[in-house]
Amino acid sequence: MRAARSPEQLDVVVTSTASDSHTWNLVYLQLTIEEAGHRVHNLGACVPDDEVVDECLRRRPDLLVVSSVNGHGFTDGLRLITALRSCDDLRGLPVVIGGKLGICGTAGVHGELLEAGYDALFEDDPELARFRGFLDSLVLVRR
Amino acid sequence: MISFGGFVRAARARGRLVVQPRMGMSDPATMRAGLLATRDAAATTVGTITVDSYTRVGDNTGAALALARGSAMNGYPITAHSRRTTRRVLHGLGFPVQVRHGSAMPGDIVSALVAAGMHATEGGPVSYCLPYSRLPLRDSVENWTRASERLAAVPDHHMETFGGCMMGQLCPPSVLVAITVLEALFFRQRGLRSISLSYAQQTSPAQDVEAVAALTSLAGELLPDVDWHVVIYAYMGVFPRTPAGARRLMAEAARLAVTTGAARLIVKTEAEVHRIPSVAENVAALEHAGDVAALCTPAPADGRDTETYAEARAMIDAVLDLDADVGIALDKGFSAGYLDVPFCLHPDNAGRARSYLDQDGQLRWSATGSLPIGGPSAHRRDMTSSDLLAALSYMERRCDTN
Ligand code: B12
Chain A
1 MRAARSPEQL DVVVTSTASD SHTWNLVYLQ LTIEEAGHRV HNLGACVPDD
51 EVVDECLRRR PDLLVVSSVN GHGFTDGLRL ITALRSCDDL RGLPVVIGGK
101 LGICGTAGVH GELLEAGYDA LFEDDPELAR FRGFLDSLVL VRR
Chain B
1 MISFGGFVRA ARARGRLVVQ PRMGMSDPAT MRAGLLATRD AAATTVGTIT
51 VDSYTRVGDN TGAALALARG SAMNGYPITA HSRRTTRRVL HGLGFPVQVR
101 HGSAMPGDIV SALVAAGMHA TEGGPVSYCL PYSRLPLRDS VENWTRASER
151 LAAVPDHHME TFGGCMMGQL CPPSVLVAIT VLEALFFRQR GLRSISLSYA
201 QQTSPAQDVE AVAALTSLAG ELLPDVDWHV VIYAYMGVFP RTPAGARRLM
251 AEAARLAVTT GAARLIVKTE AEVHRIPSVA ENVAALEHAG DVAALCTPAP
301 ADGRDTETYA EARAMIDAVL DLDADVGIAL DKGFSAGYLD VPFCLHPDNA
351 GRARSYLDQD GQLRWSATGS LPIGGPSAHR RDMTSSDLLA ALSYMERRCD
401 TN
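Residue numbers (my numbering), protein chains in the order written: chain A, 1 to 143; chain B, 1 to 402.
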């Protein structure tokens, strides 16, 4: 499935959640991740949970990035990670989530999402430096 | 319920701009309170019920589940709530209410709004598919055909096309004008006779004035037997962060609406960049827009002799030539790349056209792909993530720091 590549290059899948149609966030994240030297497959808007699971099983990415800004990210994100983690082959897949996750901000949803299986959670804009740092650590861990 | 199209016509005759919120709450009591506050605002208003994202993508179970759990959604789940509940929300309001929904599968939503006694909604086969869904365009055309025919059978019906917004930002006006006119022609062919055509404020006031003039001229030429008006959307891209910046941007939108002779304006609020606005924030935005509008004077211009008109006309003619059925023509037009929306990820969008902001904040083509307008067909240089963010935050910078 994969072409030959350097160990520094991650295969990353970027996706929205099932109910969220915003895509500027996805386009922006794709560019950011590519500029850090990695390969991105962008699944686009309104991706049903099953399709995310299938794509991850097929592509076996090094990282799944979930982005949502429509205010349903907490509920949709929780359902999605439960589906992913209940799949034996995806239990160890690094998965992160970020964006505008609740209709009243992200406060209070951190714990529950991490508990349910996300490896990291990123708030609205100020967190991109931390996200780039996360990509770097993933490369270091893989080497 | 009072006729939506008739209300706008009457306001226009009195020289009043109709202002309208983008408002939707999942709790029926809050939704009703929002509608009452909209009605009672010190401006000429119509009401809005904005539908939540689960209902938009056809996930009625998700909407019902959220209701049962009491978790707030980003809109009013019109198909999950019973007809009785919605009728109670609307009871005795005495002003027209429009349902706004963003769905490529609008069948159940249109049935629910008609069952609750309403007759006005919006969207379109393209504008509610490409930015809102992963459904094939062809399926959306079919769904919108059925929903439009259903609404056309309702006396006093009104349909607005969302074609003047698309991705909300970075789309050169000629494509927006072409799509909004083509969707209006689609609605007309499906039997609708009261139609509004939209245009979303972009980054340059001068370019916006030209675009609305071009749109108004095209509507006059192509919709002779329809009761139509133009509706302006206050900026639909990344919003200023400061309350003063947001108010400045909204004032520009109100001025654009009045000077171009548009009949209606849909506002945004100071909360836009942060979260879903409260009822009070919506009322403040409506009254601010109404106050600014009252200070402006209409000065509509003939749009036929403009670049926006020429480009939009070329796209409209190229698409209409593809088939006598406007729905089929739209689908073929996107396959051919005669219509192409920059930065849209939908699989049925050609994705060969690209835009940029020039030094004056005007939207320009860096690549026109197969658009029938000439110009550079391939772009010179890819945008980096910081170029993209700079373009997306242009209005935020301009309004917050002035
Ligand atoms: C453009 C826009 C649209 C366009 C989108 C077109 C498209 N296909 O993309 C249109 C008009 C179609 C639209 C529709 C809707 N929208 Co909208 N939209 C916006 C708007 C104005 C700008 C978004 C944008 O372009 N941002 C630019 C990108 C680059 O930034 P970003 O998305 O904020 O993401 C940044 C960070 O969050 C972060 N980030 C995001 N994800 C991730 C993930 C990771 C891992 C990391 C590290 C970082 C990260 O990185 C980005 C760069 O800093 C915002 C308000 C605003 N910001 O001004 C509302 C907004 C996001 N929309 C909103 C809503 C609710 C909707 C609708 C549901 C309609 C409604 N009820 O109002 C529908 C969506 C329907 C659906 N099924 O989901 C709300 C969300 C409310 C909330 N979260 O509390 C907002 C905030 C407006 C509001 N105040 O009500 N929208």
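Just so you know, the hints here were simulated from the structure itself, not pulled from any lab data. There could be a bad hint or two in this list.
Just some of the chain A residues that point at chain B, by a computed CB distance under 10 Å [stated by the list, open to error]:
id : residue
1  : Q9
2  : W24
3  : V27
4  : E35
5  : H41
6  : G71
7  : T82
8  : S86
9  : G102
10 : E123
11 : D124
12 : D136
13 : S137
14 : V139
Being a predicted model, the structure only gives us computed values, none of them experimental. For every residue, glycine included, the Cβ atom is placed at its ideal position computed from N, Cα and C.
Here's how the hints hold up against the structure:
Annotation: Q9/A was flagged as interfacial toward chain B, and the flag is violated, the nearest CB pair being 18 Å apart, outside 10 Å. Using the Cβ-Cβ criterion of 10 Å, the hint placing W24/A at the interface with chain B is satisfied: the shortest such distance is roughly 6 Å. Residue-level restraint check for V27/A holds (minimum Cβ-Cβ distance to chain B is 6 Å; threshold 10 Å). With 10 Å as the threshold, the beta carbon of E35/A comes within range of chain B, its nearest partner Cβ sitting at about 6 Å, so the hint holds.
Taking 10 Å as the C-beta contact cut-off toward chain B, the hint placing H41/A at the interface is violated, the least distance being around 12 Å. Evaluation of the G71/A hint against chain B yields a held restraint, the C-beta minimum of about 4 Å falling below 10 Å. With a cut of 10 Å, the hint placing T82/A at the interface with chain B is violated, because the nearest CB-to-CB distance is about 14 Å. Because the closest C-beta pair between S86/A and chain B is about 18 Å apart, greater than 10 Å, the hint is violated.
Interface hint at G102/A: satisfied, since its Cβ lies 9 Å from the closest Cβ of chain B, which is below the 10 Å cut-off. Below 10 Å, beta-carbon pairs count as interface contacts, and E123/A has none with chain B, the closest being about 12 Å; its hint is therefore violated. A distance limit of 10 Å between C-beta atoms decides the matter here; for D124/A the minimum to chain B is near 9 Å, and the interface restraint holds. Proximity of D136/A to chain B is violated relative to the hint, the smallest CB-CB distance being about 16 Å (cut-off 10 Å).
Against a cut-off of 10 Å between C-beta atoms, the interface hint on S137/A is violated, since the closest Cβ of chain B lies about 20 Å away. A hinted interface residue such as V139/A counts as satisfied when its beta carbon comes closer than 10 Å to some beta carbon of chain B; here the least separation is about 19 Å, so the hint is violated.
Against the hints set out earlier in the document, violations occur for numbers 1, 5, 7, 8, 10, 12, 13, 14.
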